[in-house]
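S.K.: One-letter residues, chain by chain:
Protein chains: 2
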Amino acid sequence: MTIDKLLKGLKAWDPRAIGRAISLVENGDDSAEAILSSLDEDLISEATILGITGPPGAGKSTLTNGIISQLRQSRKRIGIIAIDPSSPISGGAILGDRIRMMQHATDQDVVMRSMATRGRLGGLCATAGAAVRIMASCGCSNIIIETVGVGQSEMDIIRLADITLLVLAPGLGDDIQAMKAGLLEVADILVVNKADCKGADILAMDLEAVTRKGSATPTPVSMTVATESKGIAELLDQIEKVDSEHRDSGERQKRRRGAHNQEVLDWCLEILRPRLLAEITKKGLPLLGDPRLKAKKILEEQ
Amino acid sequence: MTIDKLLKGLKAWDPRAIGRAISLVENGDDSAEAILSSLDEDLISEATILGITGPPGAGKSTLTNGIISQLRQSRKRIGIIAIDPSSPISGGAILGDRIRMMQHATDQDVVMRSMATRGRLGGLCATAGAAVRIMASCGCSNIIIETVGVGQSEMDIIRLADITLLVLAPGLGDDIQAMKAGLLEVADILVVNKADCKGADILAMDLEAVTRKGSATPTPVSMTVATESKGIAELLDQIEKVDSEHRDSGERQKRRRGAHNQEVLDWCLEILRPRLLAEITKKGLPLLGDPRLKAKKILEEQ
Numbered sequence: 001m002t003i004d005k006l007l008k009g010l011k012a013w014d015p016r017a018i019g020r021a022i023s024l025v026e027n028g029d030d031s032a033e034a035i036l037s038s039l040d041e042d043l044i045s046e047a048t049i050l051g052i053t054g055p056p057g058a059g060k061s062t063l064t065n066g067i068i069s070q071l072r073q074s075r076k077r078i079g080i081i082a083i084d085p086s087s088p089i090s091g092g093a094i095l096g097d098r099i100r101m102m103q104h105a106t107d108q109d110v111v112m113r114s115m116a117t118r119g120r121l122g123g124l125c126a127t128a129g130a131a132v133r134i135m136a137s138c139g140c141s142n143i144i145i146e147t148v149g150v151g152q153s154e155m156d157i158i159r160l161a162d163i164t165l166l167v168l169a170p171g172l173g174d175d176i177q178a179m180k181a182g183l184l185e186v187a188d189i190l191v192v193n194k195a196d197c198k199g200a201d202i203l204a205m206d207l208e209a210v211t212r213k214g215s216a217t218p219t220p221v222s223m224t225v226a227t228e229s230k231g232i233a234e235l236l237d238q239i240e241k242v243d244s245e246h247r248d249s250g251e252r253q254k255r256r257r258g259a260h261n262q263e264v265l266d267w268c269l270e271i272l273r274p275r276l277l278a279e280i281t282k283k284g285l286p287l288l289g290d291p292r293l294k295a296k297k298i299l300e301e302q
Numbered sequence: 001m002t003i004d005k006l007l008k009g010l011k012a013w014d015p016r017a018i019g020r021a022i023s024l025v026e027n028g029d030d031s032a033e034a035i036l037s038s039l040d041e042d043l044i045s046e047a048t049i050l051g052i053t054g055p056p057g058a059g060k061s062t063l064t065n066g067i068i069s070q071l072r073q074s075r076k077r078i079g080i081i082a083i084d085p086s087s088p089i090s091g092g093a094i095l096g097d098r099i100r101m102m103q104h105a106t107d108q109d110v111v112m113r114s115m116a117t118r119g120r121l122g123g124l125c126a127t128a129g130a131a132v133r134i135m136a137s138c139g140c141s142n143i144i145i146e147t148v149g150v151g152q153s154e155m156d157i158i159r160l161a162d163i164t165l166l167v168l169a170p171g172l173g174d175d176i177q178a179m180k181a182g183l184l185e186v187a188d189i190l191v192v193n194k195a196d197c198k199g200a201d202i203l204a205m206d207l208e209a210v211t212r213k214g215s216a217t218p219t220p221v222s223m224t225v226a227t228e229s230k231g232i233a234e235l236l237d238q239i240e241k242v243d244s245e246h247r248d249s250g251e252r253q254k255r256r257r258g259a260h261n262q263e264v265l266d267w268c269l270e271i272l273r274p275r276l277l278a279e280i281t282k283k284g285l286p287l288l289g290d291p292r293l294k295a296k297k298i299l300e301e302q
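Respectively, the protein sequence lines represent chains U and H.
Using the numbering used here, read the first sequence as starting at 1 and increasing by one per residue.
Using the numbering used here, read the second sequence as starting at 1 and increasing by one per residue.
Do not take every clue at face value.
One copy or two, either will do: identical chains are not told apart, so a pair holds if it fits within one copy or between any two.
[Unchecked claim] Below are the BS3-like pairs computed for lysine-lysine, each with C-alpha atoms no more than 27 Å apart in a straight line:
1) K283 x K296
2) K11 x K213
3) K198 x K230
4) K283 x K254
5) K294 x K5
6) K230 x K241
7) K296 x K282
8) K213 x K241
9) K296 x K8
10) K8 x K294
11) K254 x K241
12) K254 x K76
13) K254 x K296
14) K213 x K254
15) K76 x K230
16) K76 x K241
17) K254 x K297
18) K294 x K254
19) K11 x K294
20) K76 x K8
21) K254 x K282
Everything labelled a hint here was simulated from the structure, so no lab data went into it.
Please take these sequences and the hints and turn them into a complete structure.
M.R.: Below, the structure written as structure tokens:
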């Protein structure tokens with residue numbers, strides 16, 4: 001595909017062209033600049049970027065599916081970026097399977113993309129940010145970023161979103177509780193999924209108590225049973241409400257600004273990283289001695 | 001504590017001095033250079049760095065406890081670095097509780113340290129590497145790095161280890177399976193914990209089949225019941241066997257070299273990151289346009 005044809009494909013909603021453009025940017029192809037400079041900034045600024053995070057087993061994928069179905073009723077075009085916590089080698093295939101199983105895989109108005117956090121040399125925030133921009137520019141009015149919110153890179157990703165849902169479910173055990181604590185801080189809406197299961201009401205009450213303690217404006221808690229599409233319409237109303245508040249208060253713009261600066265920083269580091277590693281490897285530094293001092297020296301020499 | 005007193009404390013196995021030294025390096029204190037340059041390189045090179053990773057609920061902490069008990073029988077000094085996937089604010093306290101509950105918390109010959117992956121601006125590999133060096137230099141013959149191996153930063157951390165255990169358990173669900181796939185690639189020994197539970201044998205057979213398929217030398221699989229200290233002695237024999245093979249084949253030295261270069265790189269980025277972010281923020285770049293191009297321009301201007 002020539003670059004001209006590709007750019008035309010992006011304007012004409014060709015899902016294959018969208019996928020190809022994201023790959024080219026991800027791989028640092030020479031055409032990345034042409035692609036990223038051709039985008040429609042108004043559409044990017046207007047799109048809603050929704051982050052969905054939560055521990056394994058909370059039912060994020062099913063909930064995402066439900067949200068897509070609901071949004072598709074108003075014929076909106078949707079982009080999905082699934083952050084894959086496993087490796088690009090074996091994990092990619094597994095996530096691929098998961099995507100194929102999704103009911104919207106054959107819907108021409110839904111574009112999906114998976115990105116691995118592992119086996120990459122950083123820069124996930126940069127490439128995910130680019131994917132968001134490409135999808136929005138092509139006409140996705142909603143872009144969903146789904147991630148198992150655990151590591152630093154996943155958390156950086158969530159900062160790309162205008163609104164973040166933290167999906168939890170009863171009975172996920174102790175380690176999960178520890179994860180939750182960090183995740184609570186980034187959530188705009190807490191979703192208790194599997195709300196028909198034992199312990200769901202207690203979990204919701206716990207969450208309400210926790211968020212009420214720390215803040216004047218407690219984080220709203222929504223109950224869903226994603227497998228039965230229960231509570232999804234109410235959740236979308238809640239999302240719209242928070243989004244509208246964020247637009248009015250300037251919070252949305254503030255987040256976009258933060259995400260933008262983070263993205264530029266991430267691209268800087270992405271560009272510097274291979275250069276620096278090549279230099280470090282070439283030097284064949286002795287293993288002995290303080291790595292921090294060596295790093296300082298390398299930077300001073302530049 | 002003056003820096004002289006601190007350095008003396010490090011040589012005299014003062015756990016409080018060790019903790020303080022790690023904090024100073026972690027916070028980028030001016031004394032970091034003096035601390036890191038004072039370390040005993042022979043002890044660092046001789047110590048065994050063990051990585052323990054696996055999904056939540058596999059029983060990593062209990063297994064780590066069991067390994068420490070076993071190693072303490074031969075009066076070895078041990079360092080533990082627990083990578084906390086939650087935030088430094090709320091998560092730190094939760095991990096703190098977990099550490100206090102550990103039976104070795106009052107053992108003066110065991111030093112423990114928790115590090116958060118979240119809420120930090122990168123550089124976890126650099127600071128964890130420094131903590132490993134400090135602990136080893138002070139006389140820890142074994143250093144255990146425990147992490148929920150999910151994101152990129154946790155995977156980078158695991159690369160600091162000479163030998164990595166992947167701890168799994170039966171019945172952890174589908175999302176876990178996806179994680180496992182990526183983790184399998186980094187494991188030197190697979191541990192099926194909760195070996196007395198239903199499904200443990202099938203899991204072990206599955207794992208053996210998977211590792212036999214990809215490689216001429218399949219990854220060994222160990223069975224443990226960490227809560228009853230079963231299989232721990234055999235696991236340590238297995239670790240020693242793999243370690244000795246790695247020493248003979250040059251694999252150990254190769255990994256140390258890779259970890260060292262990664263650490264130097266990480267320090268470079270750690271030093272550059274705040275400088276770059278300050279510059280990007282100061283510029284007040286317009287939100288419109290290609291972040292990648294902006295990054296390139298910023299780097300060219302430097």
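S.K.: All the hints need checking, so say for each whether the structure fits it.
M.R.: Cross-check of the supplied hints:
no.: 1; hint: K283 x K296; verdict: both (14 Å within a copy, 25 Å between copies)
no.: 2; hint: K11 x K213; verdict: neither (48 Å within a copy, 45 Å between copies)
no.: 3; hint: K198 x K230; verdict: within (16 Å within a copy, 33 Å between copies)
no.: 4; hint: K283 x K254; verdict: between (43 Å within a copy, 16 Å between copies)
no.: 5; hint: K294 x K5; verdict: between (48 Å within a copy, 26 Å between copies)
no.: 6; hint: K230 x K241; verdict: within (19 Å within a copy, 54 Å between copies)
no.: 7; hint: K296 x K282; verdict: both (17 Å within a copy, 24 Å between copies)
no.: 8; hint: K213 x K241; verdict: within (22 Å within a copy, 52 Å between copies)
no.: 9; hint: K296 x K8; verdict: between (47 Å within a copy, 26 Å between copies)
no.: 10; hint: K8 x K294; verdict: between (49 Å within a copy, 24 Å between copies)
no.: 11; hint: K254 x K241; verdict: within (18 Å within a copy, 55 Å between copies)
no.: 12; hint: K254 x K76; verdict: within (26 Å within a copy, 52 Å between copies)
no.: 13; hint: K254 x K296; verdict: between (34 Å within a copy, 24 Å between copies)
no.: 14; hint: K213 x K254; verdict: within (25 Å within a copy, 51 Å between copies)
no.: 15; hint: K76 x K230; verdict: within (21 Å within a copy, 56 Å between copies)
no.: 16; hint: K76 x K241; verdict: within (18 Å within a copy, 59 Å between copies)
no.: 17; hint: K254 x K297; verdict: between (37 Å within a copy, 24 Å between copies)
no.: 18; hint: K294 x K254; verdict: between (38 Å within a copy, 19 Å between copies)
no.: 19; hint: K11 x K294; verdict: between (49 Å within a copy, 24 Å between copies)
no.: 20; hint: K76 x K8; verdict: within (21 Å within a copy, 66 Å between copies)
no.: 21; hint: K254 x K282; verdict: between (42 Å within a copy, 15 Å between copies)
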